[in-house]
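Sequence lines, in order, name chains A and B.
As numbered in our numbering, the first sequence has no gaps in its residue numbers, which increase by one up to the final residue, 117.
As numbered in our numbering, the second sequence has no gaps in its residue numbers, which increase by one up to the final residue, 1235.
Don't read these hints as lab results, they were simulated from the structure.
Don't be surprised by glycine CBs; every beta carbon is placed ideally from N, CA and C.
One thing to keep in mind: the hints can contain errors.
Covered stretches of chain B, as calculated for chain A (at least 3 residues, CB under 8 Å) [stated by the list, open to error]:
id: 1; region: 1027-1038
id: 2; region: 1041-1051
id: 3; region: 1063-1071
id: 4; region: 1074-1085
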Amino acid sequence: MRGQALKGHLDGMLLAALENGPRHGYAIMESLRAGSDGQFDLPTGTIYPALRRLERAGLVHTTWSEEGGRRRRVYELTAGGRRTLDEERHAWAEFSAAVTALLGPQPRPATPRPVTP
Amino acid sequence: MTGPPGTAGPAIESYLAEIAAGLTGPAGARRDILAELAAGVADAADAHRRTGLDPAVAAGAAIDEFGPPERVAAGFRAELAAAQARRTALTLMTVGPLTGIVWITAAVTSHVGRLAPPWEWAGLPADARLTTYLAGLPLVAAIGSILFTVAATGRLTRWLPSRPAVAAAVAAISLAAVDVVMLAALAILGATTPGRLAAFPLAAAGAASLARLGMAARAVRDCVSLDAVCPRVGG
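Just chain B, same shape as in the assembly (with noise of 0.2 Å):
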């Protein structure tokens, strides 16, 4: 990928893995980032072989104009950043949805004998009320978050604020939040009018908030990881 056999050379190599060590973020990116690396080097190290350096001092002269690998690595840290960023407000945008999808269905197939509405269960606590607003808080904060990373990490780069990984995240914990609050009307339910629901659309509906919950820590790891190893403007 890098050239012809022969043109990169152990120097460019090494330099090459070096910088790599130095990237973290979503493999597709770090990928495209070394491919682009490994060509501007082997362009760079051709131009001074045209100059009539030899191959080797050619490619020390190419290492320098690019600087020191930490240095490289850490240019693109911002870049890894968003690109991690939009990455998970892209995937809760599709999961989010699927998930409220098997909730929406459990509730509406989980009343024994006949199709209704959670609100129209008999024995479901008059206060049920509380658990929409619960969830619905959450919620609204979710997708405000999500719409503002995908604007932040686009067309809207140049004006939004440059931490997009942090809006990324508040829109991951805003999404378990609710998720938690599903789960804990989901026990009380159980608990409270046992066999009067069907287990099952439940059950469903349990498991993909628990999946969702767990994409969302690690949605949440990745990004505040990656956002603490951001350089800061004036910092």
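Only chain A is shown next, with the shape it has when bound in the complex (with noise of 0.2 Å):
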């Protein structure tokens, strides 16, 4: 799954990385590997650029780190990311459910069909 659908979940997803406590720019990208199971394997051009978006737009804050001998952003969600994060969550619930309504398996008919030999 990539593309067009998935970029406008992108903030989102990126901020919901970032929910249990701050991480570096490569550590965001593999809880998206590991948490979609696989499914978003992003190429990091669109990752990085993404994330410093969402500094200018305040919605997360960065400090260098130093650690091993390689100094890393580090990112994390400021208040206003918080929000954010809960109003894109609250829209795609709605959105999600709208779409399973329409698009989702098709409910089994109410009375079983006889079986035929």
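Assemble the dimeric complex from its two separately framed chains, guided by the hints.
Structure below.
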């Protein structure tokens, strides 16, 4: 699953990846990959610029941390980021409920058809 | 910066160099992006090495995972244009009022003999009020587009149109128009009322405007060139 369908929800998913605490870029990417059971294998080119945009929007806060001689940019949700995550989650719940109602598995017929030999 | 010596490896070094070659924009933002990518690729290589790959193969797998360098660089173009736009707007926001203060000081102090606002200067053409309008309109446009650029590259970035570099260029052009009007007014004043005005404060104001014109020209060039290479939504 890639492309436009995914892109519209990237902000929300990135914010969700930070919900349980600060993470650096590669850890966010791994969490998206693992959390989606390998379905969301995004090219990095889309993740890092999206994180910078979220930072400009004031939804995440970044600091540089140095560990094992490697300098990493660490992302953390701001209060505004938490609010936006709640909104995105709410919007997704409504949207997916509507799509499931229309596209979901066909309901079983009320009475089972008689088995014909 | 990429990690302990020997972990990056020549393949990753040259991959990062190719990405660096594809990035244009403010130096600080490019440095940040490259430092972050370097750590990310090194982390990816580590992850592949933990699955049992040898270091060279792991580095190659990390590079594949990040994608072709030109594509990675292209992904940052909109961000770099936004960084340039924001920087331009904040610079104009600082330089604008400073130039204004120099002009107001010049206007008040340049009347030989006593302090007087320019509209009380003897010999000033009666229609000098036109200058106020000619300079006032682009000044309002400049202030508006500066504020828009700051908002569009900051808190409101998810809601406002995605070409802030154009707004920043409009701000710089508007401010340049203010300077052109003021310089023209200064030239006319010099020609029509020779010897009646103190030269030094007005020369200082003229120099400030000339400097700001040069700055605006560079800002327009930077913003327009970065906006031109931005991928367009749906394009």
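Cβ contact check, 8 Å cutoff: the region 1041-1051 of chain B against chain A, three residues minimum: The restraint on the region 1041-1051 of chain B holds, since 4 of its residues have a Cβ under 8 Å from chain A and three suffice.
Can you tell me if the region 1063-1071 of chain B counts as covered by chain A, using C-beta to C-beta distances under 8 Å and a minimum of three residues? Held - the region 1063-1071 of chain B has 4 residues with a Cβ nearer than 8 Å to chain A, which meets the minimum of three.
For the region 1074-1085 of chain B, count the residues whose Cβ lies under 8 Å from any Cβ of chain A; is that count three or more? Held - the region 1074-1085 of chain B has 6 residues with a Cβ nearer than 8 Å to chain A, which meets the minimum of three.
Using a Cβ cutoff of 8 Å, are there at least 3 residues of the region 1027-1038 of chain B near chain A, or does the coverage claim fail? As far as the region 1027-1038 of chain B goes, the hint holds, because 5 residues have Cβ atoms under 8 Å from chain A.
Checked against the numbered hints given earlier, this structure breaks none of them.
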